[in-house]
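Protein chains: 2
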Amino acid sequence: MAESIPGPSTGEFGKIAKELGIVLVTSLFERRAPGIYHNTAVVLEKDGSIAGKYRKMHIPDDPAYYEKFYFTPGDLGFTPIATSIGKLGILVCWDQWYPEAARLMAMAGAEVLIYPTAIGWASSDEKAEQDRQFGAWQTIQRGHAVANGLPVVSVNRTGFESDWTGVTDGINFWGQSFVAGPQGEILFQAPAHEEVNTVIEIDLARTEKVRRMWPFFRDRRIDEFGELTRRFRD
Amino acid sequence: MAESIPGPSTGEFGKIAKELGIVLVTSLFERRAPGIYHNTAVVLEKDGSIAGKYRKMHIPDDPAYYEKFYFTPGDLGFTPIATSIGKLGILVCWDQWYPEAARLMAMAGAEVLIYPTAIGWASSDEKAEQDRQFGAWQTIQRGHAVANGLPVVSVNRTGFESDWTGVTDGINFWGQSFVAGPQGEILFQAPAHEEVNTVIEIDLARTEKVRRMWPFFRDRRIDEFGELTRRFRD
Numbered sequence: 001m002a003e004s005i006p007g008p009s010t011g012e013f014g015k016i017a018k019e020l021g022i023v024l025v026t027s028l029f030e031r032r033a034p035g036i037y038h039n040t041a042v043v044l045e046k047d048g049s050i051a052g053k054y055r056k057m058h059i060p061d062d063p064a065y066y067e068k069f070y071f072t073p074g075d076l077g078f079t080p081i082a083t084s085i086g087k088l089g090i091l092v093c094w095d096q097w098y099p100e101a102a103r104l105m106a107m108a109g110a111e112v113l114i115y116p117t118a119i120g121w122a123s124s125d126e127k128a129e130q131d132r133q134f135g136a137w138q139t140i141q142r143g144h145a146v147a148n149g150l151p152v153v154s155v156n157r158t159g160f161e162s163d164w165t166g167v168t169d170g171i172n173f174w175g176q177s178f179v180a181g182p183q184g185e186i187l188f189q190a191p192a193h194e195e196v197n198t199v200i201e202i203d204l205a206r207t208e209k210v211r212r213m214w215p216f217f218r219d220r221r222i223d224e225f226g227e228l229t230r231r232f233r234d
Numbered sequence: 001m002a003e004s005i006p007g008p009s010t011g012e013f014g015k016i017a018k019e020l021g022i023v024l025v026t027s028l029f030e031r032r033a034p035g036i037y038h039n040t041a042v043v044l045e046k047d048g049s050i051a052g053k054y055r056k057m058h059i060p061d062d063p064a065y066y067e068k069f070y071f072t073p074g075d076l077g078f079t080p081i082a083t084s085i086g087k088l089g090i091l092v093c094w095d096q097w098y099p100e101a102a103r104l105m106a107m108a109g110a111e112v113l114i115y116p117t118a119i120g121w122a123s124s125d126e127k128a129e130q131d132r133q134f135g136a137w138q139t140i141q142r143g144h145a146v147a148n149g150l151p152v153v154s155v156n157r158t159g160f161e162s163d164w165t166g167v168t169d170g171i172n173f174w175g176q177s178f179v180a181g182p183q184g185e186i187l188f189q190a191p192a193h194e195e196v197n198t199v200i201e202i203d204l205a206r207t208e209k210v211r212r213m214w215p216f217f218r219d220r221r222i223d224e225f226g227e228l229t230r231r232f233r234d
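Line by line, the protein sequences are chains D and G.
Here my numbering is used: position 75 in the first sequence is 75, and no number is missing along the way.
Here my numbering is used: position 170 in the second sequence is 170, and no number is missing along the way.
The set of hints was computed from the structure by calculation and includes no laboratory data.
Predicted, not measured: the structure shown is a model, and the values here were computed from it.
Any given hint could be a false lead.
Cβ-Cβ distance ranges computed for the label pairs, FRET-style [unchecked claim]:
1. R212(D) - A82(G): 38 to 46 angstroms
2. R32(D) - A82(G): 42 to 50 angstroms
3. P6(D) - F69(G): 54 to 62 angstroms
4. E201(G) - Q189(D): 29 to 37 angstroms
5. G21(D) - S124(G): 37 to 45 angstroms
Listing some non-contacts, in silico: residues in chain G with all C-beta distances to chain D over 12 angstroms [as the list claims (entries may be wrong)]:
6. M1
7. P6
8. R31
9. P34
10. I50
11. I59
12. P80
13. H144
14. S162
15. N172
16. N197
17. T198
18. E201
19. T229
Even for Gly, the Cβ is constructed at its ideal location relative to N, Cα and C.
All chains should be modelled from the sequences, with the hints used to inform the complete structure.
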């Protein structure tokens, strides 16, 4: 069910955030207006209020998933959400494959990138292909950490979901949520087939040390980046 | 010694390329005009002719390395070089940290990214830091492969070079040249402290399969990428 923001879910999650005194990143199906729905991440503050929201910018589409049918592409841009624990660069799922998204968040002052996501293996894929896919997924997000000298938190679903339409053989969400430091180093990784609740400490001061050592932002050839706004340079 | 292009080195390497019937990527210190010198990669064709050149776009600087003193930033842009074996996206060393560079090469039709590079460990760094640095270096380049669905070839120097100025304790070039496939999977990796000559087969047809599976180029939010031409979004 799509719902408004604020709405029942943000109310419920707001209570939890307040009760536990935490900043909480949630994901929901936003009903913005009749005919306009978004895949939206809402961040709740320690006092239960809404700190901000991010509407998924990159919308994929695969047979049986219908994401381009359900989700209007986000129009809030790549804007970090200011909270009591820092500026959070929230990005959602398919966004994780785009270095541009991570970069724009970092350039706007994000102190950490957080990716709520639901990705898994098609049952029809062979083991070697499954390994390449998980590797690609983790590698590119660790790459965002490196490129921007920022920690990355990626929270992925686990478990199997069958496809009642019969278009696919179902999906095995591959879990393995992880936290990477600003050199892309793995600080934590969950198992593939088990839900996990855990607390991982991140040293935000590490970012400045790493960026002084490797000051990529200093040297970006911004005079030559204009064509990044094209679809293809042909 | 800085030299012109064409010049003694391109002549010599051209002979080798012709003799062996190979396309050869070389790296040299280009003297373009009095007071204008570049870090330039020249690609030689199988017949010994010059297929094209790439002038390093991102110039780093570290105490004792003086790269911003010696090298004028490249002004040929991120333009692949057409050869008899395909369009080569040549990038040099510090460029390897920039997702924008890899993306612009891919958007211009590069079929493979090739990074001649010379990077190593400062003797003063601890083992854990050295591991993070190598990991970051390899991860971000594998990330470029993933982001663009392209194979990546990274060719790095090996061996120790002392610093006669005494500013540093010298550098241990970390070798470990590698080839990654278009999902970032490692196809080959050389040892750290040994020179290697080898032939690695790359299946260029794999790119289209991978890009159909994960069509990132289809969904890039180019309407929101304009700010990538800024230094920082503050």
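Checked hints:
1. The hint said 38 to 46 angstroms for the Cβ distance between R212(D) and A82(G), and at roughly 40 angstroms that hint holds.
2. Distance hint check for R32(D) and A82(G): the Cβ-Cβ separation is about 47 angstroms, which falls inside the suggested range of 42 to 50 angstroms.
3. For P6(D) and F69(G), the hinted distance range of 54 to 62 angstroms is satisfied, since their beta carbons lie about 57 angstroms from each other.
4. Against the hinted window of 29 to 37 angstroms, the Cβ-Cβ separation of E201(G) and Q189(D) comes to about 32 angstroms, which satisfies the hint.
5. Separation of G21(D) from S124(G) is about 42 angstroms and conforms to the stated range, judged on CB atoms against 37 to 45 angstroms.
6. Taking the minimum C-beta to C-beta distance to chain D, about 26 angstroms, the non-interface status of M1(G) holds against the 12 angstroms cut.
7. Remark: the non-interface label on P6(G) is consistent with the geometry, its nearest Cβ contact in chain D lying 26 angstroms away (cut-off 12 angstroms).
8. With a closest Cβ-Cβ approach of about 22 angstroms to chain D, R31(G) is found to remain outside the 12 angstroms limit, as its non-interface label requires.
9. Against the 12 angstroms criterion, P34(G) stays outside the reach of chain D, whose nearest CB is about 24 angstroms from its own CB.
10. Every CB of chain D is more than 12 angstroms from the CB of I50(G) (nearest about 23 angstroms), matching its label as outside the interface.
11. The claim that I59(G) is not at the interface with chain D is violated, since a C-beta of that chain comes within 12 angstroms of its own (minimum 7 angstroms).
12. At the 12 angstroms boundary, the C-beta of P80(G) falls inside the reach of chain D, the nearest C-beta of that chain being 10 angstroms off.
13. Taking the minimum C-beta to C-beta distance to chain D, about 7 angstroms, the non-interface status of H144(G) is violated against the 12 angstroms cut.
14. Look at S162(G): its CB is around 21 angstroms from the nearest CB on chain D, clear of 12 angstroms, so calling it non-interface holds up.
15. With a least beta-carbon separation of about 16 angstroms from chain D, N172(G) lies farther than 12 angstroms from that chain, consistent with its non-interface assignment.
16. With a least CB separation of 27 angstroms from chain D, N197(G) remains clear of the 12 angstroms interface cut-off, as annotated.
17. For T198(G), the requirement that its beta carbon stay farther than 12 angstroms from each beta carbon of chain D is met, with the minimum near 22 angstroms.
18. The claim that E201(G) lies off the interface holds: its Cβ sits roughly 17 angstroms from the closest Cβ of chain D, which is beyond the 12 angstroms cut-off.
19. Against chain D, the non-interface label of T229(G) is violated: not every CB pair exceeds 12 angstroms, the least being about 5 angstroms.
Of the numbered hints given earlier, the model fails hints 11, 12, 13, 19; all others are met.
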